[in-house]
Structures are given as C-alpha cells and as structure tokens.
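K.L.:
Okay, here's what each chain looks like letter by letter:
There are 4 protein chains.
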Amino acid sequence: MARKSDSLHGNAPDTCPAALLIIDMINDLEFEDGRKLLPGALRAAKAIAALKRRARAAGVPVIYTNDNFGRWRSDFREAVDHCLHDGVRGQPLAELLRPEKDDYFVLKPKHSGFYATTLDTLLEYLGAERLVLAGVSGDTCVLATAMDAYLRDFELYVPRDCTSSVSGAGNRSALAYMKRMLDADTRPAAQLDIGRLARRRARGRH
Amino acid sequence: MARKSDSLHGNAPDTCPAALLIIDMINDLEFEDGRKLLPGALRAAKAIAALKRRARAAGVPVIYTNDNFGRWRSDFREAVDHCLHDGVRGQPLAELLRPEKDDYFVLKPKHSGFYATTLDTLLEYLGAERLVLAGVSGDTCVLATAMDAYLRDFELYVPRDCTSSVSGAGNRSALAYMKRMLDADTRPAAQLDIGRLARRRARGRH
Amino acid sequence: MARKSDSLHGNAPDTCPAALLIIDMINDLEFEDGRKLLPGALRAAKAIAALKRRARAAGVPVIYTNDNFGRWRSDFREAVDHCLHDGVRGQPLAELLRPEKDDYFVLKPKHSGFYATTLDTLLEYLGAERLVLAGVSGDTCVLATAMDAYLRDFELYVPRDCTSSVSGAGNRSALAYMKRMLDADTRPAAQLDIGRLARRRARGRH
Amino acid sequence: MARKSDSLHGNAPDTCPAALLIIDMINDLEFEDGRKLLPGALRAAKAIAALKRRARAAGVPVIYTNDNFGRWRSDFREAVDHCLHDGVRGQPLAELLRPEKDDYFVLKPKHSGFYATTLDTLLEYLGAERLVLAGVSGDTCVLATAMDAYLRDFELYVPRDCTSSVSGAGNRSALAYMKRMLDADTRPAAQLDIGRLARRRARGRH
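Residue numbers (the working numbering), protein chains in the order written: chain C, -16 to 189; chain F, -16 to 189; chain E, -16 to 189; chain P, -16 to 189.
One chain only, chain C, in its complex shape (with noise of 0.2 Å):
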C-alpha cells in the first residue's frame, strides 16, 4: 500500500516475503480448560522452537502475536515475566519460546491477530507476504488470524505439529479447513524449507 514513510513513524529493520508468527504461546494456562491444553501446547512449542531458530537463520521475522488476556496495561515483557514464573501452569512454553532481543510482538485483544492490532502495518513495512502460523489454539486463535490473513491474501502455511487445541478433533477439523478453503500449507515443520520461504517471492505477487 503506496511508499514506504521515511519519517520515524513505523520504520521496521527488517524486509523479508515471509514472517513467523508465534500465537499465544507465551500464556499461563490458568483458565478452565488450560490443563487439557498443556500437554499437545507442550509438543507444540519443541517444534516451534526448533522451527524458529531455522527461521532466525534464515533472516525470517518472527513475531509473536499474543493475547494481552485483558491485561491493557501490561507490557508483553511483564507477560513473559509471568508467565517464567515457577507453578505457572504455561511455564514450560515460556522456557522453550522466551522471545530474544529481536523478536517482534503484537499483543491483541481477541482472537484474530489482525483485529485492533497493528500487526497488518508491521506485515506491510517488512515486505511479508507468506505467513507461517503456529501456536495455540489451532481451532481459536491461529484459526481466526489465518482467516483474516486469507482475506489480505497472504500465503498460508500452518505446520500441523506446531498448533493444538483442547480438542483434538477440533485441531484436525481446523488445520483440515485451513488447508482446503484457506490454501494453506499444513506438512510439518520439519519438512518446510524456511530457507527458501525467505528468499522465493510469493504466487501471486502483485
């Protein structure tokens, strides 16, 4: 959407056609149904933190796209803090996915990354136009802000080893209609190249 801003409003160092997007791993858990969450939120977050430092290799964005979990005003850092805490329900996510120095992140009141967040602004002043999605849930949150990416046209993929969702029917219910209305790509992370999702420009690139 037209040029580039040379003033100091929206500058962002990075350009690269694709972006990780890490959604609502940094959470504690402690909600009603966080218990059953845990576990498939547990292999979720090894093969995302394996799929995110080949994307830092790669020069791959990654950005986490979290819940401010009606916490407005919080910083995302104060979120990890608490989430790093001992006894936390979500602390073992935390661990594996404490966000670097780099790291970009987007906090948003509901569901879909995209709503009432400045996350589609980011997307634009990095050049993205191919999202990976991963986090939780996969029939909630990585559902709703896959569907909105859809409607910006960006291309989709969704490892399906790195979502989950309390219900494992709901999960594969998701990703299967990701995959067939929303054209995303669903093969697991270890079979994606990242590399090359960095450096190839997308489909149909206008």
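Hints were generated in silico from the structure; no laboratory data involved.
Listed below are the simulated EDC-like cross-link pairs for lysine to aspartate or glutamate, each with C-alpha atoms no more than 20 Å apart in a straight line:
(1) Lys29/F to Asp176/F
(2) Lys84/C to Asp64/P
(3) Lys84/E to Asp64/F
What you are looking at is a predicted structure, and each value in this text was computed from that prediction instead of being measured.
Following the hints, put chains F, E and P in place on chain C, whose structure we already have.
P.N.:
Just chains F, E and P now, kept in the frame of chain C:
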C-alpha cells in the same frame, strides 16, 4: 500487502501507480451552507472535469469517493440521478462530472474516504501509490481523506483549483496544511503532468 | 461507540437490537461450483424468504451483505438486475429474495461482510447487538462473517436451514463450529422467535 | 457495538464515559525539531500533569497513546525508561508524566492514535464517549487523533494549554480547526470540570 487473490473476490481490472479521487462532487448541496459552497464548487467542478479528461486519457483510474448522505439504501447511480434533476442546487456539478461507465465509486459514511469503506482495498488492487484528490469541502472531507492517505504512505496531489470550502480562509488553511504537513503537491491542475504520474513509480515505494 | 453524529453523515433511520444479514444470495452462481451449490442454495433461499418476511414484520432491518464479484464499478441494484435475467443460474434465488425498497445493502470485496466495508458502522447506527446470518456459502462467507461478528461481541444466530455450501459435510462442520466456538444459535428459522430478538436487549450488552 | 464478551479476551476493568489521552509525551525529542518543541511541550507537560491528577481523582481512565518511534520490538515501559535517562532532551516531560501502575497505554505506529491500534476496542470496553486529548504535536498527532475521534462520534475536549507544536501559528491553527470543525471544547484545563465529564452522559449518546 501480499499477493493478489485469484478468486473472484476483489478483482479490479486496471493497474496504475496513480488514481484520481473525486470527493463529494455528486452532491445536491441541499443543506444549510450549500448555497455558499455552490460558486466555488462550480469553479472546482470545471477544473476537475478537465483534469478527469486528462486522467482518463492517461489511463489513470477515476474513483468517485462520495458521501452516502445518510442514504444507506441507495446506490451511487441513484445519487447521481437524484443530483441530475432540474432544480437541485448541485445539478450543474453532476452535469459536469457525470460518472462514466468505467469509473469506480466508493460510498463513504463519514468524512474520510478511507473510514469504513473499501477504498483501501480497491487502491491496493489498482496498485495505486499516489493519489490526486479533488472535490469538496477542502477543509472537511478532502482534508480528512488526505490525512488518512498520508498515514497510509500515499504520495499526495491536491490541485488547489480543484477543491473548495464554504469559507475561503478555511480552504486556504486546509491547502496550506496539506502542503506543509502532508507533503501534498498543491499546484493547479493545469500544471500537473498526470501522464507522468501514471508512468513514474512513487518516490519511496517499498 | 460514543454519540451519534447529528450531521448528514451516517444517518440511518431504523434502530433495533437485531438485524438480519442475507449473505451472497444475489449471486448468478455462474462459477465452477455454482451448479453444485444451486439445489442447497435454493432450499436456503425459500427458508430465508420466509424468515425475511417475519423479520420485516417485526421491524428487524434486513441487510443484503453481498459480494461485489469483482465489479467495483457496479451498483448492488445492477447486480440484482443481472441476476434476475432468464437463464442466469442464480435467477431463482434473486426472484425469491428480491430486495425491497427499505432493505439495506453492503457490498463486500472479500469473504467477511466486515472486511473493508461499512457494515460495522451501519450496525452501530442501527443499534444492532445480535445478528441473524443467512446465505451462502456456509463454510466461507457466512463463517468468515460470523467469526468477525463474534470478535465484535455480537450475539449470533445462524439458522441451519438458511445456509448451504458446496459440500454438505463442509456446511455441517461450519455450523458445528459456529455453534460450539462462536456461541451461535443454529436452530432452524421456523423455531426462531424473531419478534423476541427484536425486543429483548442482548445478554451481555454493556 | 454489541455485548461485551465474557471471555478473557479484551477485559478492561474501568468504565467511565470520559477518558484522558496523553499523546506522544513519552518522547525523547531527539529529532530535528525537538529542540524547538521542548519549551512548549514542557509547559504543556505541567498542565497535563495537573489535569492527570484531577482525572485520576475523578476516576477517569488515563491512556498513554504514544508513538512506538519505529521500535516495534520495545515495550512502552522500555520507552519510558529510555526517556527517563539523564541527558535525554525529553527527560523532563517523562519525569512530569511518569505513567502510574493503573494507567493504560496504546502504542501507535503512525500519527493517529486510532490507526492500526487497539485504541478503539479499549475505548469501547471502557464505555468512553468523550475524550480529552492532550500532548504533542497539536498540528500532527493530536489533530490526526482528533479527526479520527470525530469520525467515530466522540465528544472532544482539547485543552489549549495542554498541547503544543513546533510552530505556534500551526498550533493555534490546529486548535481553531478542532474547535470550529470538530466541535472540540478548547478551554484551558483549569476551566474543565473533569468530574462532571466523568459523571454526565454524552450529549448525543445512542
């Protein structure tokens, strides 16, 4: 913002780095200050009509960005028909600027052409990165649209003879603001090489 | 969101806590899967026509939320006329659901009725806090609109006989998702007391 | 816009018909015109600090609506810490307006506080229908935020001693515009009965 969808959704045939937005000129002027607005609006309509001819000759898409005037049920063509009736105060404007078959239009509910409309999406599909704004009122809808265009990093042209406001001082002040703060080029339409705008890429394009 | 403007901008005469959205039923169905979609869409059209009559009798605003099908230059009424022609596959749908003079309409460029349209603004002016969604396809545009409505805290009704998709399994899966994850009431239209929806305030209204 | 969700998403504890937006006052002023902006910004900071005390005493939520200054990776608290360092030009502003534990904040990537941020959603959850705007610069970010607030039908207060711009003439012109065209009340902060704003419903509330 990412690749163009190949689905039926959102196709738009033309692509051009420039677009001409004609703002609120399809307007019956049947409101309190309409009488005061008429003479200046008529002068602007003549300049816009000439500019529009040159824009079309150069392949620049023309987008009527027009208030719905509270008629959520009507079509733009209905609004045009309404304004073409004898005795309607704004009838001469509509005569001068009668939309042609391949002009675009966007109905807006509020002042800015970008607020709660499809304008942003249409401009993206057109590949527009610079906008020529023309219409009324210079210090309300044109200014609000210019500010929103600036936020979105469009290069701006607001030919000073193609806009008018109820207050002459208000119009001059709005033009001065757009020039100084929004980097708008405000030279008169006759001095604008619209063919060049249509060919040249924008200055800071990403 | 804040006070209603008293300017001409954005007036909308009706107010009602409920609104009926008829999604993509003005549709020539002249695309690849249109033939498969026709029988189910026709059954849905009959149910929607009956529901629409009851909605109008109860004073519930009816909003045609319809794809522009890539025709950025056309009006909705032009789309209606196009679909009313003999030989057009979607002609029987348009016959059954011919818009009436005081129906509203919103042209959408993408799947969700909320994306890059004035729908949100119109619903705010109408005071709507619950939405009845009907139309095609259940697993694309209806689902995308439902997800966006849920993000915006609308109470949702998606009568299961008023929607259809190319794939029956896809339609059932989308309805199940809307019921389970978006709190949508999916009872058939005949069991919906639309007069009550029009009178009662929404459950969690702020 | 519809009922408040009872999910964790988007909870915000306070509700009040008024909110105070402090715009870009957490600002190192380390840019070209920062030196020129400092004296007026400092005078404004003093007036805003007093207004903020009264707002908090009256239960009016305070929202720091602040530029991210191109630092997509930083937190607002990091920005505050950065500005509190000795030798930073904007340090006295940050000292006067140090955010308190229960203040809100919204990081914006562009001029308007509403563009690509969560501000609209937060204000909806707070139930705000009138906004008091304060900060810098009067003729850029304050004006852009005011225009967007006006489009959204908020009642506006822009105390003229709580804003400043590089150019005094530019600031006066922006204030005059907001008063005349956006119905903003621009009386000095000391004459503003903020307790009354917090109690009274807005004039045109729907």
